[in-house]
Each structure stands twice: as structure tokens, then as C-alpha cells.
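**Student:** These are the residues of each chain, in order.
2 protein chains.
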Amino acid sequence: MTTRVVRSRDFPVATRFGPGAVLLYDRSLSRRVPGFAAWSRTFPHRVAVAAGESLKDADRFGDHIEPIVRATTGRARSEAVLVCAGGGSVGDFGGFAASVIQRGIRLVHVPTTWLAAVDSAHGGKTALNVGGRKNSIGTFYPAERVCLVRRVLDALPDPRAREGIAEMVKIALLDGGAWAKRFLASEDPRDVLLWRHLAAAIDAKQRVVDEDARETSGHRQILNFGHTVGHVIEAHDGVPHGRAITQGLYFALAWSCRRAWLTEADHRRFAAALARLTGDRMTGPRAPIPRARFVSLLAADKKAAGAARVTFVFLHALGSPTRRRVPIEAVADEAAFLGWVR
Amino acid sequence: MTTRVVRSRDFPVATRFGPGAVLLYDRSLSRRVPGFAAWSRTFPHRVAVAAGESLKDADRFGDHIEPIVRATTGRARSEAVLVCAGGGSVGDFGGFAASVIQRGIRLVHVPTTWLAAVDSAHGGKTALNVGGRKNSIGTFYPAERVCLVRRVLDALPDPRAREGIAEMVKIALLDGGAWAKRFLASEDPRDVLLWRHLAAAIDAKQRVVDEDARETSGHRQILNFGHTVGHVIEAHDGVPHGRAITQGLYFALAWSCRRAWLTEADHRRFAAALARLTGDRMTGPRAPIPRARFVSLLAADKKAAGAARVTFVFLHALGSPTRRRVPIEAVADEAAFLGWVR
Numbered sequence: 000m001t002t003r004v005v006r007s008r009d010f011p012v013a014t015r016f017g018p019g020a021v022l023l024y025d026r027s028l029s030r031r032v033p034g035f036a037a038w039s040r041t042f043p044h045r046v047a048v049a050a051g052e053s054l055k056d057a058d059r060f061g062d063h064i065e066p067i068v069r070a071t072t073g074r075a076r077s078e079a080v081l082v083c084a085g086g087g088s089v090g091d092f093g094g095f096a097a098s099v100i101q102r103g104i105r106l107v108h109v110p111t112t113w114l115a116a117v118d119s120a121h122g123g124k125t126a127l128n129v130g131g132r133k134n135s136i137g138t139f140y141p142a143e144r145v146c147l148v149r150r151v152l153d154a155l156p157d158p159r160a161r162e163g164i165a166e167m168v169k170i171a172l173l174d175g176g177a178w179a180k181r182f183l184a185s186e187d188p189r190d191v192l193l194w195r196h197l198a199a200a201i202d203a204k205q206r207v208v209d210e211d212a213r214e215t216s217g218h219r220q221i222l223n224f225g226h227t228v229g230h231v232i233e234a235h236d237g238v239p240h241g242r243a244i245t246q247g248l249y250f251a252l253a254w255s256c257r258r259a260w261l262t263e264a265d266h267r268r269f270a271a272a273l274a275r276l277t278g279d280r281m282t283g284p285r286a287p288i289p290r291a292r293f294v295s296l297l298a299a300d301k302k303a304a305g306a307a308r309v310t311f312v313f314l315h316a317l318g319s320p321t322r323r324r325v326p327i328e329a330v331a332d333e334a335a336f337l338g339w340v341r
Numbered sequence: 000m001t002t003r004v005v006r007s008r009d010f011p012v013a014t015r016f017g018p019g020a021v022l023l024y025d026r027s028l029s030r031r032v033p034g035f036a037a038w039s040r041t042f043p044h045r046v047a048v049a050a051g052e053s054l055k056d057a058d059r060f061g062d063h064i065e066p067i068v069r070a071t072t073g074r075a076r077s078e079a080v081l082v083c084a085g086g087g088s089v090g091d092f093g094g095f096a097a098s099v100i101q102r103g104i105r106l107v108h109v110p111t112t113w114l115a116a117v118d119s120a121h122g123g124k125t126a127l128n129v130g131g132r133k134n135s136i137g138t139f140y141p142a143e144r145v146c147l148v149r150r151v152l153d154a155l156p157d158p159r160a161r162e163g164i165a166e167m168v169k170i171a172l173l174d175g176g177a178w179a180k181r182f183l184a185s186e187d188p189r190d191v192l193l194w195r196h197l198a199a200a201i202d203a204k205q206r207v208v209d210e211d212a213r214e215t216s217g218h219r220q221i222l223n224f225g226h227t228v229g230h231v232i233e234a235h236d237g238v239p240h241g242r243a244i245t246q247g248l249y250f251a252l253a254w255s256c257r258r259a260w261l262t263e264a265d266h267r268r269f270a271a272a273l274a275r276l277t278g279d280r281m282t283g284p285r286a287p288i289p290r291a292r293f294v295s296l297l298a299a300d301k302k303a304a305g306a307a308r309v310t311f312v313f314l315h316a317l318g319s320p321t322r323r324r325v326p327i328e329a330v331a332d333e334a335a336f337l338g339w340v341r
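Going down the list, the sequences are from chains A and B.
Read in numbering that gives the first Met the number 0, the first sequence has 74 at position 75, and its numbers run on one by one without any break.
Read in numbering that gives the first Met the number 0, the second sequence has 15 at position 16, and its numbers run on one by one without any break.
By construction, these hints were calculated from the structure, which means they are not laboratory data.
Keep in mind that the hints are not guaranteed to be accurate.
As the list makes no split between identical chains, a pair holds if one copy fits it or if it spans any two.
To be verified - With a straight-line Cα cutoff of 25 Å, these simulated SDA-like cross-link-like pairs (lysine to any residue) come out: (1) Lys133 <-> Arg102; (2) Lys133 <-> His44; (3) Lys133 <-> Gly103; (4) Lys133 <-> Gly19; (5) Lys133 <-> Gly61; (6) Lys133 <-> Glu65; (7) Lys133 <-> Gly73; (8) Lys180 <-> Ala271; (9) Lys133 <-> Arg59.
Given the sequences, and given the hints that come with them, work out the whole structure.
**Tutor:** Take a look at the structure:
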């Protein structure tokens, strides 16, 4: 199914989703986003949740899904619509819920973080956590519509914009189209940049997803660019996803250059763009990570306790990524070379 | 994906499923089926469960899926195989688990009841219950293989065979092929009949499923033949599914005849076959059901609290069913006419 991405200044009109619409929303939005509370009340059914990883906990799945099942009971599958307003956790849980209620009802995302607007609301991955294993279960279930609402995204404080920009730099480096060149060279402020390039960045991700929607060929793994080491830093330092991915991108660029995939000139150019756009320079983790810890976090991220290798995404040139199976120890060696591991 | 149905005298060899195989099984099988315990120990991973509706309770989903997630951690999706040995509840839960772990690992069913062997292991519907609403969530996820093991099915006591035969009569009436005519006219004992016509009955169901795998056209609803009123009796009287469906089939045949869809001669012939094959004559519910209760159970079964109509499957002739939207009150009128409702 093709997802329709719609940009608008204001909230989509609730009645357009019909009498079977259920709004699932991050309860903090009523406080944070002007007009949100009034908009939420125009829905025939509303389910407020506390956003965050606990929403994705399989142990609480029954509690969390019950009000949505109740609200959609008596509706034909074609009439029941779950509209998810929130960031990554609300989208992951809500997408999963929509994919399984009556074996699949309609799904609309209204992302309320830049990270969700740029990345997680698109591509159809839903997820829950089991026994602390992040995203260990889920479904492939693209939303029929993603509504990008200027009024919501403009209400975000800048650090949240920074979250989104790292993913946008990632997709720009992978895609390399005209939009990506303009974006990487731009000196505009982040919020202007994000809004201006949002549609192109989403299209670029969607092209990758369309080639490998259910992760069978492996091509979709290129979206993991910057995430292999980024996830280690996110888990170890407890920093926000966007900050960690920025460091992961520095790492991937540096290693691509050291392996002579990427020229020195391109490396300098892309690293400079990353610094300018995200506002974060290359620092690595807060302090060097003990090597054993680094290796075990890498293996855990690959959901492979005893795995010896991971798929690492390198960059040849703008728009030319390459996937390679590399020994986990080789990743650790490179991290040690950069002083990120001790 | 096409499901391969394999009949064999003995258990499939565990090693053929590879090192990533996890056996999910009804723990009572070790006691009930000779050789089961020894076979289960040949799997690299085993997860024993208590079969029954509580296995499908969304409130306990985290607990139930955790050992399977743990056992498949570190396996590629193409290597992790969940082999589900059990009846309907094990298949419904296990199928759901396999469909969501890593967004879909491999799935094999080894049905251990006739009901599962004839019906529920085929067609790819998985299900859990939310807040007491039966099968309110689930996925469409056909097994890659269904292993029908003579040694297991022969170990079943006769009442369980009776469970399966009602579903087999249903599919025979819907399909009407040469096998169905032979089956409906046969005087053989039930276990002989079941085994002899199993492959043909499964093929007949699969042809219906293939036309409407994800329940979009509505054609698949013909499989609900006999189930509309059957489910009411199952819920009200607490009788086993097969017994209730037998009564539901009597009802559907009688109403088809009264509406002049079905000739008197065909009605007599099919009702006689149903009686002979299942060993259950037409009795209706244990005692007449209060009309308000009958109506509310019908509406609940359609997952439609205030629904005024249900889709009812009538029979024109052998192999010629027809779906009609009928008022719930009309179903109650017919039940009152038969003395099943007061």
C-alpha cells in the first residue's frame, strides 16, 4: 500500500476520518501544543497515553490496546481508523495496534516530533519491546496517510529539531539527489531546513523502503547508516537518538575514508555539513567505552548474542552507500583508533 | 505464501527444521501422545504452554511470548522457525507470535486435534483475545508447512474426532466436489473418514482462502457457514465447538430450505448426512435461549454491539452457498420458529 504524505499548516479535520476514527495521542501534547486539546475533542473516540518506551512494553500490551479495541468494536475494518498523534513510541505502538486489531484496521500518523516526521512515521515498521529487548517484535504496516502539521512541528523546542536533522543528513548522504546537495550545502536555520526538505527526504527514504519493504533482500539495511555505532552510544551514554546518530554518522564517514571508500575531500565536506547542520561536533561517547561493553552492545543491537559479524554501511561517495559484513572486533578496533573505546 | 501440507505416519524429524527451531507445545501432549515427550526433546529449544483460551489472553502476552523471543534471539529471520504442536489455542497464539517476532519468522503447525488438523491450522488466521473479546486481534500469517501426523491424530479419543467432522461436513457442503459427495454418502467410521478426506477438505478450504486471503472481498465469509448460530450455542451452552457447529449447520440448512434456497430433498439428504457423520441429531440448544440473550450473543459474535444485521451463509445446493445480509431479528425469528429461542 502506498502512504500518502500530506503537509498542512493546521491539524487535519477530524470528521474526514469518519465516525470510526480513534485518536491515540501522547497526553503531554494537550499541554505543549496550542490548539491540540481542542482538536483532540473533535474525535468520536480518544485514547490518551504516556509516551515513552513503557508504552511499547509487551507486558503491558493488553492494558494498552484494550481501550482501542473497545473503541473500534462494532466497526467494519474499512471504517475503523487509528490516528496516532505522537513521536516514535506512540507511532510504534499505535502502528502495531492498528496492524493487529481485526487483523488490520486503517492507520494514520500525525508525527509530533521531527524524528517521527522525518523518519519513524514512514516506512511501515511497527514495534514493541519484549523483556527489555527493544523492537524485538512488530509488523510491517505502512500508514495510509502521514499528516505533517506545521503548527505542531513549529511548537517544538530546537533540541528536538536537532533530533530530526541527523536522520535527514543520513538520508541525504545515502540518496545524493539534487535536494540532498542543496540541503547539505545550506546555511539556513534548522527549522526552515527541516520543513523545506521534509518531502524530499521522506521520498528518498520511501524509495529505499519500496525496494525492500519487508526486509527480504537486505537493501533496506542501508538505512542503518550511522546507526550501528550510534545505537551503542545511545545505549551507553543515554543520550537522545539524534545526538547519538550524529556521532554514529561521524564514525561511519571516518571509517569509510580510512578504508578508502570515501575520498578525503568528500569526508571533510560531509563531516563539515554534519557539524554545521546538527550543531554537534565529533566527540564520540562522553568517555571512552570499555571494549567488552562496546562489543556486547554491538552484538545486542544486532539481536545476536554470540554474533561475530555485523552489517556495516559505508559510503563510497554522495548517494553511493555499500553494505559489508564486518567482524564486530573490527568495529571495535576502529572505535579504539578514534579513542572511543578503551 | 503457499502452505505445504504434509501427511506422515510419524513425527517430522526435528533436525530438518535446523538449529533455529523452537518447539512450542501443549504440555499435556507429553502425557497423552505416545512418543511425544521423546520427540520434543530432539528440538534445540522447547517452550511448553498450558493450552486453552488463557494462552490467547493479551494481558499475558508479554509472559507468553518472552521465552520464544529469547530462544530466537540471535537467529536470522530466515533461520528461526516456530513449530507449534497443539490444538486451536496453541496454533492461534503461536501463529501470532511467529508473525510478529522480528516482524515475521518461519512457522510450522503440527495440529494435535482433529479440529486444528481439518480447519484452524489452515488459512493463516492467527488470533489473541483482548479484554475477553475473542479473536479481537490477530494477523494473517499462513504457516509454511502443516504436518499432519497419524500417530498424534490416532491417539485422540473419539469425541475429539467428532469436533473435526462437523467442520469437514461444512467444507464438503460448501465445496461440493467429487470428494464431498463420497464423504457425505460414506458409512465409514469417523477416524477412517477424517484421515481419508483430510487432504481434499483442506484443499477445498484453501481454495476459498486463496480467493480472499485477507478478507477484503468478503468471499471468505462463506467459511462462516453454520457458525453464526453455532457460536451462539457454543457461548450459551458452553458445549465444544464441533457440537455447536453441528447444530449451527442444522439451523443453516433448515433456514435455507424454508427460504426456498434449498430443495426439501437436498435438505433431508444433507441433514441425514450430518446426523450420521457427526452422531449428533438436531437438538438446538440445551434449552430454548431467551430472545434478548440470543440477539445480544449474535451481535457480540459479529463484534458489533449495536449491529442490526449479520452476514448469514445459506446453501442453494451442494457446492452453492450464498452470503446475505439479514436482520439479526430475522435470525431470532427463525430460531423461535424452531423452538430454539423463547
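**Student:** Would you list, in rising numerical order, the hints stated earlier that this structure does not obey?
**Tutor:** none
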